[in-house]
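Student: Each chain, written out:
Number of protein chains: 2
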Amino acid sequence: MRRSRKAISAMLRLHHHPMSAASRFARLILGEYGERAELVEEKPWERRREFLALNPAATLPVLIEDDGPPIVGGLVIAEYLDETRGIYQRDRRLMAEKPIERAEIRRLSEWFVNKLESEVTRYLVRERVFKLDMKVEHGGGPPDASAIRAARANLKNHMRYIGWLAESRDWLAGPRISQADLAAASALSVLDYLGEVDWDREGAAKDWYQRLKSRPSFRPFLAERIRGIPPVAHYAELDF
Amino acid sequence: MRRSRKAISAMLRLHHHPMSAASRFARLILGEYGERAELVEEKPWERRREFLALNPAATLPVLIEDDGPPIVGGLVIAEYLDETRGIYQRDRRLMAEKPIERAEIRRLSEWFVNKLESEVTRYLVRERVFKLDMKVEHGGGPPDASAIRAARANLKNHMRYIGWLAESRDWLAGPRISQADLAAASALSVLDYLGEVDWDREGAAKDWYQRLKSRPSFRPFLAERIRGIPPVAHYAELDF
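Read top to bottom, the protein sequences are chains Y and C.
The numbers in UniProt numbering rise by one with no breaks, and the one at position 207 of the first sequence is 207.
The numbers in UniProt numbering rise by one with no breaks, and the one at position 214 of the second sequence is 214.
Hints listed in this document are in silico derivations from the structure and should not be mistaken for laboratory results.
Keep in mind that a hint or two might mislead.
Chain copies aren't distinguished; within one or between two, either way the pair holds.
To be verified - Within a straight-line C-alpha distance of at most 25 angstroms, the following computed DSS-like cross-link-like pairs (lysine-lysine) qualify: (1) 131 / 115; (2) 206 / 115; (3) 43 / 115; (4) 98 / 206.
Based on the sequences and whatever the hints tell you, model everything.
Tutor: Set out below in structure tokens:
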């Protein structure tokens, strides 16, 4: 009894940024598993010395449990939380049991955390949000219109793919909700804040996103505001 | 008895390219676990219709077991092989038992499969190898000297990091060999073929690589030759 109590009250600290999709991914998983973490906001472009010591790649998020070694990156954190929380959750576990089904969940988690990020989210967030806050020596300056254009074109293809997945399956990776859904939704929540998502073109994707948006783990995002950038009008509406 | 025999003789097929670092990563893990896979060479830039049906991201490698659904990407394949082979291997398992140690193995595996790839290996292989074989409509043409220069500059930083890891630990992710070592070595074996690695600057990295190079799982690479591109003189030497 003592043991499990200790596990429940473990100290978790998440280095994150509110507009980092992978950080939101980690927060959604923590939320789904009923864990609270202390949130430390990082501006990775500043390459703070103490942050680089945690993660020399200078990427977000980074999770620390009980002052242990850093757990680095959205996908690595997802695996860690599955191994330390998910396996005790039965119906609420965000991973399948069978290796071949786990492979599909991982493929799509990687797709959204890495591919969607590097083709779409990174550019739109950098050009439209981070640059407002960046000094010139950190890469600040006017937004790069051609990067924004390319990212928007790429987003159309990603939305088609999400729409296709949402149409052909109950959840993106199969019959049950999984971390792949949270990986996709975390990126879309950032893009939606910025008004970049054309929901009306992809009805199945919209239905799927509405189901996720109404989960309690999602609620904190809907209340967050970035200074100087108000969200799109429907951002916090569950029925949009 | 029947069951385990069937598991041992499972049909594995790997879609790969000999100069794809992530493909070599999958082949090294298969080799370490004593598995043979049928190798199907893919030229991902051709976007072959049957290959896109396996992996719409058009990336390598893709593993198929017993005509099952595709297992996509080096990291996903590594997890799959750990769950279906590694857990039965005890001392030869390429993953640690403890979640926090697994997180470090995964951090570094991701580092080499994604970060080293996207900052170094992808450019050098594309410009120096794939372009010789690419039609203009697939992106062929003369090598881009500035991409090569940038990749070479980035490689110096990665070599310093590998040298530092090799100096401070027995193996890159800790006291035991793990998939993180194979992830790094697979990329370096590709770069070494092309003569891009300056081993003399990083003695600890060289010692570490020599240990890996002499493992039986590595042997097939040392015999492979790319048409039109002979390897650097020391490529196949165990004592270089």
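Student: So, for every hint listed, does it hold in this structure?
Tutor: Now for the hints, and whether the structure bears them out:
In this homomeric assembly, residue 131 and residue 115 come within 25 angstroms of each other (Cα to Cα) both inside a single copy, at 22 angstroms, and across copies, at 23 angstroms. Taking the shortest alpha-carbon separations for residue 206 and residue 115, only the intra-copy value of 21 angstroms comes in at or below 25 angstroms, while the best inter-copy value is 33 angstroms. When the C-alpha separation of residue 43 and residue 115 is checked against a cutoff of 25 angstroms, the pair qualifies both within a copy, at 22 angstroms, and between copies, at 20 angstroms. In this assembly of identical chains, the alpha carbons of residue 98 and residue 206 never lie at most 25 angstroms apart, being 29 angstroms within a copy and 39 angstroms across copies at closest.
Consistency with the previously given hints fails for number 4 only.
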